[in-house]
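Student: Sequence:
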Amino acid sequence: MKPRDSALKLKRFEVNEKARKVASIETMISDFETMALELSRQIAAEEERTGVKDAAHFAYSMFAKAAATRRENLLASVEDLRVKLDNARRELEEVSGELAKLEPQIEMREQARAMHRRVDRVNAMLG
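Taking this note's numbering, I'd label the letters of the sequence shown as residues 1085 to 1211.
Worth flagging that the hints you see were computed from the coordinates, not collected in a lab.
Every residue gets a Cβ at the ideal spot worked out from N, C-alpha and C, and that includes glycine.
Be careful, since some hints might not be right.
[As the list claims (entries may be wrong)] Between beta-carbon pairs, the in silico distance windows are: (1) Met1146 / Ala1184: 49 to 59 Å; (2) Ser1180 / His1141: 18 to 28 Å; (3) Val1167 / Met1146: 29 to 39 Å; (4) Asn1207 / Arg1104: 41 to 51 Å.
Go ahead and model the full structure; you've got the sequences and the hints to work with.
Tutor: Here you go:
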């Protein structure tokens, strides 16, 4: 395998890895948001069932408190993941840009080499 081919393969691999990372983070964000929404529904149902909606009230449901804490943690994780997603998207753009620059260069080199081979063959035939 030629060095330029391996460089191109490596860059394509990097792009694919970055794209997978972006997709993975997006999936995690979506899953966490869905879980937080479900916890909100469970909290509302528990508050409705007990009739106590004030979290500071002494009779507030322990389940609702625990679910609220879990929801807060999930939402904090979502915010952290959004920062990571922005970074991952930026990295993907950078690597994709590098690949876009590399592909035409390699293609042009290959075309030039093919042209030189044709010229050499013609010269050999005329030779």
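Student: Work down the list of hints and note, for each, if the structure agrees.
Tutor: Here's how the hints hold up against the structure:
1. Met1146 / Ala1184: 49 to 59 Å: holds, 56 Å
2. Ser1180 / His1141: 18 to 28 Å: violated, 54 Å
3. Val1167 / Met1146: 29 to 39 Å: Holds - the Cβ-Cβ distance for Val1167 and Met1146, about 33 Å, lies within 29 to 39 Å.
4. Asn1207 / Arg1104: 41 to 51 Å: holds, 49 Å
Checked against the numbered hints above, the structure violates only hint 2.
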